[in-house]
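Counted from 1, the sequence shown has number 165 at position 131 by our numbering; the numbering is strictly sequential.
Please note that the accuracy of each hint is not assured.
Quick list of in silico lysine to any residue cross-link-like pairs, SDA-like style, CA-CA up to 25 Å [to be verified]:
no., residue 1, residue 2
1, Lys54, Leu212
2, Lys115, His159
3, Lys54, Leu99
4, Lys54, Gln183
5, Lys147, Leu212
6, Lys98, Asn145
7, Lys115, Val68
8, Lys54, Val222
9, Lys257, Lys98
10, Lys54, Glu143
So the derived label-pair ranges between C-beta atoms look like this [stated by the list, open to error]:
no., residue 1, residue 2, range
11, Asp206, Asn180, 11 to 21 Å
12, Arg224, Asp158, 11 to 21 Å
13, Lys232, Thr131, 28 to 38 Å
14, Thr238, Lys136, 29 to 39 Å
No wet-lab data here; the hints were simulated from the structure. For each residue, glycine too, the CB sits at the ideal point set by N, CA and C.
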Amino acid sequence: MTQRNAVKIVILFGAPGAGKGTVAQHLLDNYGVVHFSTGNLLRNEVKNGTSIGKEVEAILSSGKLVGDDVVNRVVESNLQKALSGNDVVLLDGYPRTVEQAKFLDAIDEGNLKSSIRVLELDVDHEVVVARIAGRVVCSKCGATFNASQLNGNTVCSRCGGELIKRADDSEDVVRRRLQEYVNMTLPVSRYYADRLAKVSGEGTPEEVARNVDETFRDFEIEKRR
Numbered sequence: 035m036t037q038r039n040a041v042k043i044v045i046l047f048g049a050p051g052a053g054k055g056t057v058a059q060h061l062l063d064n065y066g067v068v069h070f071s072t073g074n075l076l077r078n079e080v081k082n083g084t085s086i087g088k089e090v091e092a093i094l095s096s097g098k099l100v101g102d103d104v105v106n107r108v109v110e111s112n113l114q115k116a117l118s119g120n121d122v123v124l125l126d127g128y129p130r131t132v133e134q135a136k137f138l139d140a141i142d143e144g145n146l147k148s149s150i151r152v153l154e155l156d157v158d159h160e161v162v163v164a165r166i167a168g169r170v171v172c173s174k175c176g177a178t179f180n181a182s183q184l185n186g187n188t189v190c191s192r193c194g195g196e197l198i199k200r201a202d203d204s205e206d207v208v209r210r211r212l213q214e215y216v217n218m219t220l221p222v223s224r225y226y227a228d229r230l231a232k233v234s235g236e237g238t239p240e241e242v243a244r245n246v247d248e249t250f251r252d253f254e255i256e257k258r259r
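Taking the hints into account, I'd like the entire structure generated from these sequences.
The structure is reproduced here in structure tokens:
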């Protein structure tokens, strides 16, 4: 294994509204990474009709939350396939708990542990509240925009879909989600303290991208040529 591929998994942490989606897209555009969103992985299992997918579908149709055991199995199954290549796996939305983090460390008899790094986007909570409370999304393609920069435009510049404000983007809901994030994710952040790099998620997208690039250099992950 070359030094470039010594880090095989990067976990992307960040509060709601911290800019994880923008950072993930920057990494996909500039690095050899494969993006694993837990929600997408679960939906794919359901779509493909796998045994785990049928289990997930039954859980979701009953209104229950998908438990750690099922999520862990989905992540492990997909990781084993992805790690057979040379791409770095970008984990988004997993692990959410310390128990999930411990499970991830134990995969492949613990041999993965030393190849895992964490990139945590650090954004002041008041900045997050302002960001989310002021955003609108395309009802068709899901693209996100800041309402203050649209000059009254109500359609998506990418696909022409209607721009809407989601009900869960109200200030009260955002503050509750932030508190839930702190309660759940801070213990995971502490668990990874020796493998974690904090990156400022404030500033322009270009500034954040430079911060992320610097951290990836520290992780010894090279940009695509």
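Restraint check for Lys54 with Gln183, where alpha carbons must lie at most 25 Å apart: holds (20 Å)
Beta-carbon spacing of Arg224 to Asp158 - inside the hinted bounds 11 to 21 Å or not: Holds - the Cβ-Cβ distance for Arg224 and Asp158, about 20 Å, lies within 11 to 21 Å.
Proposed proximity, Lys98 with Lys257 (alpha carbon, max 25 Å): violated (41 Å)
Distance restraint evaluation - Lys232, Thr131, Cβ atoms, bounds 28 to 38 Å: violated (20 Å)
25 Å limit on alpha-carbon distance, applied to hinted pair Lys115 and Val68: Roughly 11 Å separates the two Cα atoms, so the pair holds.
Agreement of Lys54 and Leu99 with the hint, judged by alpha carbon distance not exceeding 25 Å: Holds - the C-alpha atoms of Leu99 and Lys54 are around 23 Å apart, at most 25 Å.
25 Å Cα cutoff - pair Lys115, His159: violated (37 Å)
Assessment of proposed distance window 11 to 21 Å (beta carbons of Asp206, Asn180): holds (20 Å)
Pair hint Lys147 and Leu212, alpha-carbon separation not exceeding 25 Å: violated (28 Å)
Hinted pair Lys54 and Val222, Cα distance within 25 Å: Given that 25 Å is the threshold and the Cα spacing comes to 17 Å, the pair holds.
Pairwise hint evaluation, Asn145 against Lys98, where the allowed Cα distance is 25 Å at most: violated (33 Å)
Restraint status (C-alpha distance of Lys54 to Glu143 at most 25 Å): violated (30 Å)
The structure is inconsistent with the numbered hints 2, 5, 6, 9, 10 and 13, although it conforms to all the rest.
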